[in-house]
Amino acid sequence: MKLLGREVTAQKVLERIEDRLRARGLLPADAGLGEGSAGALGVEPRVDPLSYNVHALEEHADPTVGLPLETHRGGAGQLVLVAKWAFRKTGQVFINEALSRQRLFNGHVRDAYAQLSAEVLQLRAEVARLKAEKEAAQAAPPKATPAKAGPAAGATSGKRAAARPARKKPSRT
Amino acid sequence: MVVHQLIPCLSPGDATGNAAIQFQGLLRQLGHASELYAGEIHPSFRALAAPARALRPAEDDWVLYHHGIASPLAGRLVHLRCRRGVVFHNISPASFYRGTGLEHALLGGRAQLAALAGHVDLSIGVSAFNAAELRAAGHANVHVVPLFVEPERFAPGRADPRLRAELEGPGLSVLTVSRVVPHKRMEDLLALHAELLRLEPSARLLVAGGMDDGSRYVKGLRQQAAALRNVRFLGKVSHGGLVAAYRSSRVFVSMSEHEGFGVPLVEAMAAGLPVAAYAAAAVPETLGGAGVAFTAKHFAALAELVRELHADPVLRASVLGGQQARLRQLSAEAVRPALASGLAAGEAHVQARAQRASPRRPPPRPARKRPRVGVLVQRYGDVAGGAEAHARMVVERLSAHWDITVLTGCAEDHLTWEDRFPPGRSRVGSAEVLRFEGAHARDMRRFNAFSRTLFGAPQDLAHEQAWIAAQGPVLPGLYRHLAAEGRRYDGFVAFTYLYAPTAWGVPMVADRCLVVPTAHDEPAFQFDAFGDVFRRPRCLLVNTPEEKALISARFPGHARARVVGVGVDAAPGEAARFRAKHGLRRPYLLYVGRLEAGKNVPWLLSLHARLRRAYHDAPELVLAGSGELRPSGDGVRCLGRIDEQDKWDALAGALAVVVPSQHESLSLLALEGMSQGAPLLANAASAVLAGQARRSGAGHLFSDAESFALAVQRVGQERDVLSRRGLAFAARHGWDKVVAAYREELAKIREGGR
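Protein sequence lines, in the order shown, are assigned to chains A and B.
Heads up, the first sequence is in this note's numbering, so the first residue is 1 and it goes up one at a time.
Heads up, the second sequence is in this note's numbering, so the first residue is 1001 and it goes up one at a time.
If you are wondering where the hints come from, they were derived from the structure by calculation, not from laboratory data.
One should not assume that every hint holds.
Each computed PhoX-like pair below joins lysine-lysine, with the alpha-carbon atoms no more than 25 Å apart [as the list claims (entries may be wrong)]: (1) Lys1737(B) to Lys1748(B); (2) Lys1297(B) to Lys2(A); (3) Lys1369(B) to Lys1737(B); (4) Lys1297(B) to Lys1548(B); (5) Lys1297(B) to Lys12(A); (6) Lys1236(B) to Lys1548(B); (7) Lys1748(B) to Lys84(A); (8) Lys1297(B) to Lys1219(B); (9) Lys12(A) to Lys2(A).
Only part of the chain A face toward chain B is listed, based on derived beta-carbon distances under 7 Å [said to hold, decoys possible]: (10) Tyr52; (11) His55; (12) Gly74.
It should be emphasised that the depicted structure is a prediction, and the values quoted were computed from it without experimental measurement.
Glycine is no exception: its CB is placed at the ideal position from the N, C-alpha and C atoms.
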């Protein structure tokens, strides 16, 4: 265990504590308190909103499935829990009936969201690819500008010339 | 700039709401208009915030959304067409809440945090730890603006005396302040307490904070606690109760595994309690090297540590000294620059995104010969009220020297604040008046009930601000005007500390503001939330030396105060004309003012009735003015509102002017009476009135029926002498001196001096 604090001579305080623990038989003579690992949880990882929402919609799409029974109240709260449990047990068939259309609707929302989020991911990837291409193109050295073709060059570019239809000179008549 | 805040919930004790209220104060101190909008609003805080659906920001406005667990407001924010920012208060790890209803709200909140990343121009973490989580969630332009604590709110005098007496006891008592939820690891505190009981059999453990008694976690804790002794769960406590808990304990311990900031750690420092806390998440950062953070939960060792903090005077004093230094780093003064720089960076980000140069500041205007001055007052025009009349008198006289715009509301009635005058610009007398619509009217019955719940007991900032909002009038347009146009004014004069336009407007323009507080020793005067009005302006223009002493005692370190008061421009009065007009033949005592219980008019009527019953030649009582009361009785004449000449005639003929009110910062009626040779009969409980009577030598005081009868008798016997003294005193209170004082103070502001 480490102690942190500017106003505390941590080593001295720890030694005093360890001595007392040893005297009480709570710490072997040759052992210390160790270092500990506070803050092991650290920064929480990013939760991707699109995939989280798809999973959450999947999990909660069926409204006929009850949430865990909970209460924040003591005393009477327990009676309420029992009443809720009894209601679910005896009334599930009616709950299913009342919420059948909601279940269908939620299914559509879930499927639509899954489809749309997949397309968003696809579009993001496409945008990222195009951006990368653009950046690569900008980063590449500019190509040397070809010299202007003179009359002599015309003979070597016969292929291109042949591809273009010859322009007719407009008649002045 | 306009910086609104959007919060999921505004209710007493809610940490996010409290932070938003703190931010609002800082934003106003930075000159920005700031309103609160909330998804859910507790009934007692309804005046303080508008519903989130009412938020309609302009394109250049900022909206700072305070984010915690999943909220529909995150989705609302990204669809607002304005500058957007998020203030992240952190989210407890979902791993502590697997299988509960909270798990999804926690994970959903994290998903929303990540989804917001691409849609905000500014991200604020209330700690570097939170800032790191913002970055991990994909946010750029991340800044740290810590929360702060006002130490004076945790002074010993703020403790609930009954609870403190109940909690105090000899020996070691350990306190933790927190919601009783799994990630706070209360079971670890119980384990520590078990170890402490081995060392100190009388050791006590106090746990202050809300708890869900029905939850499995709390039930388990209660069972565990029952096996020990001296464990007390206090539940959610009032602010006074919280201070009592801090002040009756010896050591503060936190075993929490996750804190985004840890406000109770700082509160404990403010309450003079050594802090020992598990060094998880933002805890070491919040402690900032103060207190003692530990990295492992070896309970026997921690028990020894707690005992050292309790019993070793050298260690204790050293830790407490370090905590005081840390407190100064977490003050409003220290935090404000962080918020300012965060907003500036957000603004720069917006400009960069819009690929346009930052707007050029307009060139400085050439100095005007006549200063432009804004006068802030709750009502203005033909309205009854001492402070309002005071403001009007000052405005009328200073209009000859300044270009004045009176910035006020549309209400005529100070009880309901219902808008009656049209909003916008108009003229009243020689002054331009700019009126702003009120956000809501006031229901006096509800307001009085709310006041009764707050007065006389220490409150936190949120409740005090809620009271100021309920007191009103809340004029959002005024704050927008001050934020946008404030720099166009050379100075401001704000009247009456007690109302929202002054309480919230003054901090926005404090560097150019003179405040005429008209402070009384009344319950609301005890609110720390008014501190900015007394501490931040350039000068307080007080009415009497008694008012100055009152302010010095309540708000030490207040701004420079100068006794200015008001002047009297007496018109000649004719007693005979008044007597003839109203058919008065006998001597009479005169009261002119609001006919309200708050002015002690019923008490005056009862004293007069007893006087009439005891003495057959007792004078009559003439009352002039309007209000909720309709006085009547033997020898009582109620004239309603009278015109100015009638008033001077009435004063000239009165045996004495009687002022029964206790809460006065200056009695203009007393001065006006003296200017007509009428002596003063005043309530002895008012230090101000007693001072006026003593300084003038022109009056007598009363405190009950006997002293009232005696004072009336003495006034009858000594009227000529008292009258001469009164005339001399009034002659020394001319408007020329008052006007000169206002001009001098504004000149100092324009010169930049203090």
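For the pair supplied as a hint, lysine 1236(B) and lysine 1548(B), confirm whether the alpha-carbon distance does not exceed 25 Å. Distance of about 39 Å is beyond 25 Å: violated.
Double-check histidine 55(A) for me: the hint is only fine if its C-beta lies closer than 7 Å to a C-beta in chain B. violated (9 Å)
Verify the proposed pairing of lysine 1297(B) with lysine 2(A), using a straight-line Cα cut of 25 Å. Holds, at roughly 10 Å.
Do the alpha carbons of lysine 1369(B) and lysine 1737(B) lie within 25 Å of each other, as the hint requires? It holds: about 21 Å lies between the C-alpha atoms, which stays within 25 Å.
Is it true that the CA of lysine 1748(B) sits at most 25 Å from the CA of lysine 84(A)? At roughly 72 Å apart (the allowed maximum being 25 Å), lysine 84(A) and lysine 1748(B) break the hint.
For a C-alpha distance cap of 25 Å, please report whether lysine 1737(B) and lysine 1748(B) respect it. holds (17 Å)
So, as I understand it, the hint says glycine 74(A) touches chain B; can you test that by seeing if any CB pair is closer than 7 Å? Since the shortest Cβ distance to chain B is 3 Å, the answer is holds.
CA of lysine 1297(B) to CA of lysine 1548(B), is that 25 Å or under? Since the Cα atoms of lysine 1297(B) and lysine 1548(B) sit roughly 54 Å apart, the hinted pair is violated (cutoff 25 Å).
With a cut-off of 7 Å on the beta carbons, see whether tyrosine 52(A) makes it to chain B. holds (4 Å)
CA of lysine 1297(B) to CA of lysine 12(A), is that 25 Å or under? Holds, at about 19 Å.
Are lysine 1297(B) and lysine 1219(B) close enough, with their CA atoms no more than 25 Å apart? Holds: lysine 1297(B) and lysine 1219(B) sit about 23 Å apart, inside 25 Å.
Run the distance test for lysine 12(A) versus lysine 2(A): straight-line Cα separation, threshold 25 Å. Holds. Lysine 12(A) to lysine 2(A) sits at ~12 Å (cutoff 25 Å).
The structure fails hints 4, 6, 7 and 11 (numbered hints given earlier, in ascending order).
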